[in-house]
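I would like the entire structure built from these sequences, with the hints used as guidance.
Sequence lines, in order, name chains C and Z. Residue numbers for the first sequence follow the numbering used here, beginning at 1 and rising by one. Residue numbers for the second sequence follow the numbering used here, beginning at 1 and rising by one.
If you are wondering where the hints come from, they were derived from the structure by calculation, not from laboratory data. Built from N, CA and C at the ideal position, the CB exists for glycine as well. Relax, there's no trap hidden among the hints.
Some chain Z residues judged to face chain C by a derived CB distance under 7 Å, without partners named:
#1 Y6
#2 G30
#3 D49
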Amino acid sequence: MIPLRLTVNGTVREVLLEDPRVTLLDLLRERLHLTGSKKGCDRGQCGACTVLVDGRRINACLALAVSLDGASVTTIEGLADGDALHPVQAAFITHDGFQCGFCTPGQIMSAVGLITEGQAGTDPERIREGMSGNLCRCGAYAGISEAVLAAQGAGDGAAIREDAA
Amino acid sequence: MNLFDYTRPASVAEAIAAAQAPGAAYLGAGTNLLDLMKGGVVTPARLVDVTRLPGLDRIEFLDDGGVRIGALVRNSDLAHDPRFAKTYPAVAEALLAGASAQLRNAATAAGNLMQRTRCPYFADATSPCNKRAPGSGCAAIGGATRLHAVLGWSEHCIATNPSDFCVPLAAFDAVVEIEGAGGRRAVALVDFHRLPGDAPERETDLAPGELIVAVRLPPEAAGFSAHARYLKVRDRTSYAFAVVSAAAGLRLNGDRIGEARLALGGVALKPWRAREAEHLLAGQAPDPDVFRKAADAALAGAKPSGEANVFKIELARRILVRALTLAAAGTPERLPALPASPFAAPFAVPSPSPAGAAHG
Numbered sequence: 001m002i003p004l005r006l007t008v009n010g011t012v013r014e015v016l017l018e019d020p021r022v023t024l025l026d027l028l029r030e031r032l033h034l035t036g037s038k039k040g041c042d043r044g045q046c047g048a049c050t051v052l053v054d055g056r057r058i059n060a061c062l063a064l065a066v067s068l069d070g071a072s073v074t075t076i077e078g079l080a081d082g083d084a085l086h087p088v089q090a091a092f093i094t095h096d097g098f099q100c101g102f103c104t105p106g107q108i109m110s111a112v113g114l115i116t117e118g119q120a121g122t123d124p125e126r127i128r129e130g131m132s133g134n135l136c137r138c139g140a141y142a143g144i145s146e147a148v149l150a151a152q153g154a155g156d157g158a159a160i161r162e163d164a165a
Numbered sequence: 001m002n003l004f005d006y007t008r009p010a011s012v013a014e015a016i017a018a019a020q021a022p023g024a025a026y027l028g029a030g031t032n033l034l035d036l037m038k039g040g041v042v043t044p045a046r047l048v049d050v051t052r053l054p055g056l057d058r059i060e061f062l063d064d065g066g067v068r069i070g071a072l073v074r075n076s077d078l079a080h081d082p083r084f085a086k087t088y089p090a091v092a093e094a095l096l097a098g099a100s101a102q103l104r105n106a107a108t109a110a111g112n113l114m115q116r117t118r119c120p121y122f123a124d125a126t127s128p129c130n131k132r133a134p135g136s137g138c139a140a141i142g143g144a145t146r147l148h149a150v151l152g153w154s155e156h157c158i159a160t161n162p163s164d165f166c167v168p169l170a171a172f173d174a175v176v177e178i179e180g181a182g183g184r185r186a187v188a189l190v191d192f193h194r195l196p197g198d199a200p201e202r203e204t205d206l207a208p209g210e211l212i213v214a215v216r217l218p219p220e221a222a223g224f225s226a227h228a229r230y231l232k233v234r235d236r237t238s239y240a241f242a243v244v245s246a247a248a249g250l251r252l253n254g255d256r257i258g259e260a261r262l263a264l265g266g267v268a269l270k271p272w273r274a275r276e277a278e279h280l281l282a283g284q285a286p287d288p289d290v291f292r293k294a295a296d297a298a299l300a301g302a303k304p305s306g307e308a309n310v311f312k313i314e315l316a317r318r319i320l321v322r323a324l325t326l327a328a329a330g331t332p333e334r335l336p337a338l339p340a341s342p343f344a345a346p347f348a349v350p351s352p353s354p355a356g357a358a359h360g
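Below, the structure written as structure tokens:
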């Protein structure tokens, strides 16, 4: 058995793993019952599993949980403050940044990571480039780009609809 | 995924000792290794987790003017280190052209060198593949070969090396620092990856159990910072492997090229340094005719490995010309230069112009 201690959404969680093959994604979903992080491709191609580890966005499906012993993990469940949505969550609603919703937790966690990294600013093209690790098969990219731009503090996302599309 | 023994040593010496076990593999971020394990392509008996090894996560600017990149430096940390990006812009641009932001946040420098080919037949555990199962044949030959090699391939393997990072590293004479049971040694990056020959299963110069501890760029690499580019053509604007890519660096003496560095990606099983082309460029004016002659020289030995990749030879020539043209125009102020597609408007190849103007 491998003892594992992670801080997940601010709470210390201790887990005994009987198998080292468990990915961070499977640990979150199947052991800690945090099913907000989605398993899309499970191969690092779709971004639906994106979470923050020690403040940085990564693909939870391509990280071995045992390797992250001691890390601090933030998932979509840890963003809101009670009923008060995180600004990126609110922006996705305001700008209709989804259709079916399956990719949305990963999109939002990726956007939070992108904004923290501070590389994209309010340039729609840099936002699209920075969000390219998150696929949306419904094709809600226009709304997603607007939401991320709005959350960056660019003001009215509707004004850049044409550019973000 | 096969069951494996997991160990997390506390020192490089312990890691090397742990990796002497048969079937052992080092685990960095695991972004490529875990993917291959999920597909049953590789089945290591033991994973030696090197992510906590002390002292390997630093970028050290050396007194001699070079830089030493620790094996565990994450791709994004390297690309966004202001001093590194300013000194080695083509390396930063290549890093930022690779994978996605999530993967760059995890993937390490050494892991990038160790990543496996993305040949779909290698990744399909049920296909013949001399690299994965020596002697089983090559399913790629006569198969879907659009992204396969046009240089340095053999009848045993026509795969390509997928790395972006390694292309400018090859151009700028990077050196790989390796530690093993027998001590420490260094090998030039251009000699680190092997061409397939008749033993495509031997991919690198590493002996079993050897560990990459750093990648070093020599002092001369900093001499190209004002005119260095990495240009990548891919099937979508972002988050795709290169169809063809090129790293170009120029040291200009007035209106002449003092020294040129050129390497291609996506064309061979290793990053392809184009030394003959570099020699042709030295002493010449940076103009399109000269660039075209250099590109012709770089691809002189090219041969398609399948009908579907005939186009890559002319594409590689054109990408070299464009990379040289952009390098002559000057390193952009901001990396990555966007639009990321080299075919984005303005469609025409820009003429040499003041630094930073190439992408408008």
